[in-house]
Amino acid sequence: MLHSIKLLLHINTFSIYSSKNIVSLLSVYQDKVNKNLLKQDKYQIEAIKEFDLLNDKISNLKHDERFNFPFFNFSTLNNNVKGLYIFGSVGTGKTMLMDLFYEMCPQPKKLRLHFNEFMNIVHKKIYNYKKSLITKSRQIYDPIPPVAEIFVQNYKLLCLDEFQVYNIADAVILQRLFEEMWKNNLILVSTSNRAPSDLYKNGLQRCIFLPFIDDLMLNCQIIPLHSEKDYRLIKSQVESFVFCKSIEKFNKIFDSLCGHAKLDITKEKINIYGRNIVLNLTCGNSVYLEFEEICDKVIYTYFL
Numbered sequence: 112m113l114h115s116i117k118l119l120l121h122i123n124t125f126s127i128y129s130s131k132n133i134v135s136l137l138s139v140y141q142d143k144v145n146k147n148l149l150k151q152d153k154y155q156i157e158a159i160k161e162f163d164l165l166n167d168k169i170s171n172l173k174h175d176e177r178f179n180f181p182f183f184n185f186s187t188l189n190n191n192v193k194g195l196y197i198f199g200s201v202g203t204g205k206t207m208l209m210d211l212f213y214e215m216c217p218q219p220k221k222l223r224l225h226f227n228e229f230m231n232i233v234h235k236k237i238y239n240y241k242k243s244l245i246t247k248s249r250q251i252y253d254p255i256p257p258v259a260e261i262f263v264q265n266y267k268l269l270c271l272d273e274f275q276v277y278n279i280a281d282a283v284i285l286q287r288l289f290e291e292m293w294k295n296n297l298i299l300v301s302t303s304n305r306a307p308s309d310l311y312k313n314g315l316q317r318c319i320f321l322p323f324i325d326d327l328m329l330n331c332q333i334i335p336l337h338s339e340k341d342y343r344l345i346k347s348q349v350e351s352f353v354f355c356k357s358i359e360k361f362n363k364i365f366d367s368l369c370g371h372a373k374l375d376i377t378k379e380k381i382n383i384y385g386r387n388i389v390l391n392l393t394c395g396n397s398v399y400l401e402f403e404e405i406c407d408k409v410i411y412t413y414f415l
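Under my numbering, the final residue of the sequence shown carries the number 415; numbering is consecutive throughout.
Quick caveat, the hints were computed from the structure, so don't treat them as lab data.
One or more hints might be untrue.
Derived pair list, reagent style DSBU-like, types lysine-lysine, alpha-carbon separation capped at 35 Å [what the hints assert, rightly or not]:
hint : residue 1 : residue 2
1    : 380       : 363
2    : 160       : 143
3    : 378       : 312
4    : 378       : 363
5    : 143       : 193
6    : 312       : 294
7    : 312       : 160
8    : 220       : 236
9    : 241       : 221
10   : 168       : 242
11   : 235       : 146
12   : 220       : 242
13   : 241       : 153
14   : 380       : 356
15   : 363       : 312
16   : 193       : 150
17   : 193       : 146
18   : 146       : 221
19   : 146       : 241
20   : 168       : 221
21   : 143       : 241
22   : 356       : 378
23   : 221       : 236
24   : 294       : 160
25   : 160       : 220
26   : 235       : 153
27   : 143       : 235
28   : 221       : 235
29   : 153       : 143
30   : 150       : 168
31   : 236       : 363
Just the calculated beta-carbon pair ranges, DEER-fashion [what the hints assert, rightly or not]:
hint : residue 1 : residue 2 : range
32   : 375       : 264       : 28 to 36 Å
33   : 215       : 328       : 24 to 32 Å
34   : 191       : 308       : 35 to 43 Å
35   : 367       : 191       : 37 to 45 Å
36   : 264       : 368       : 37 to 45 Å
37   : 392       : 306       : 40 to 48 Å
38   : 367       : 137       : 41 to 49 Å
39   : 396       : 260       : 42 to 50 Å
40   : 308       : 153       : 39 to 47 Å
These numbers come from a predicted model, not from an experiment.
Cβ coordinates follow ideal geometry from the N, Cα and C atoms, glycine included.
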C-alpha cells in the first residue's frame with residue numbers, strides 16, 4: 112500500500128513539474144508585443160489565457176500516458192479534455208493565436224489544416240475507401256468510421272482554420288465524422304467567422320447538421336473574439352485578388368501570366384475523384400475559366 116502511494120505521488124509530481132516547464136503562450140505573445148511585432152489586444156489576451164489552460168491539460172495528458180499499468184490507465188483521467196472553438200469577424204487574430212498555440216503545443220501527434228484542405232482530404236479518403244470495396248454484391252458500406260479511425264490513430268489534436276459549412280454533403284459528413292472522432296477523444300481546436308449556432312445557417316436539410324452543433328458545444332469551449340480592429344489591414348495592403356471590369360483587361364492579365372511563364376496555352380484534363388475535368392485554357396499554373404464552366408454545369412457537384 113505504501114509503495115502505491117509513493118508511486119502516485121511521483122506521477123503527480125512529474126506531471127505538475129512538466130506543465131510548469133512549458134513556456135506560456137501569454138509570455139510569448141507579450142514578448143512579440145514588446146518587440147512591436149504585434150499590437151496588444153485585450154480580447155486576444157483573454158483568448159490566449161484559454162489556450163494556455165488547454166496547453167497545460169494536453170501536456171499533463173501527454174506525460175500521464177507514459178505511466179499506464181495493466182490494472183489502471185492514468186490517461187483515462189484526462190480523456191475529457193475539451194478543445195476550443197474561437198470565432199469572430201475577419202482580421203481579429205484568430206488564426207495567429209491558433210498557430211501560436213499549435214507551434215507551442217507539446218503534443219507530437221497533431222495536425223493543422225485549413226478547413227477546406229481538411230474536407231478535401233476527407234472526401235479523397237472516402238472516395239479511396241469506396242473505390243477499394245467490391246460493390247458488385249451491392250453490400251451496404253459506411254466509409255465514415257474507417258476514415259475517422261485514420262485520423263484518431265495518427266492524431267490526438269486537430270487544428271482547423273476557418274471552419275465553415277457550405278453544402279449538404281459536408282454537413283452530413285461532418286456530423287458523422289466528428290461523432291466518431293470525439294468518441295475516441297480527439298481534441299479539436301478551430302477558428303471560424305461564425306458562431307456555432309450560425310454554422311450552415313439556412314442550409315438545405317439543416318436539421319441533419321444540428322446534432323453536430325450540439326456535439327461541438329459539448330466537446331469544445333466556445334470563445335468569441337470581439338476585437339474592434341482588422342489586423343490584416345494594418346499588416347498589409349497587398350491585394351490578393353484582382354477584379355477586372357472589362358474582359359479586355361482580364362485577357363491582358365492572363366496573357367501577361369502566360370508571358371512570364373514562357374509556356375504555350377494548352378488544353379488540359381485533370382481527374383477529380385474519378386471524374387475528368389477539362390480545362391480549355393491553361394498555361395503553367397494558371398487557368399482561364401468562364402463562370403459558366405464551373406458553376407452552370409453538372410460538373411460543380413464534383414467539388415462538393
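* Any of the earlier hints contradicted here, and which numbers? -> 3, 10, 11, 13, 15, 19, 21, 26, 27, 31, 32, 34, 35, 39 and 40
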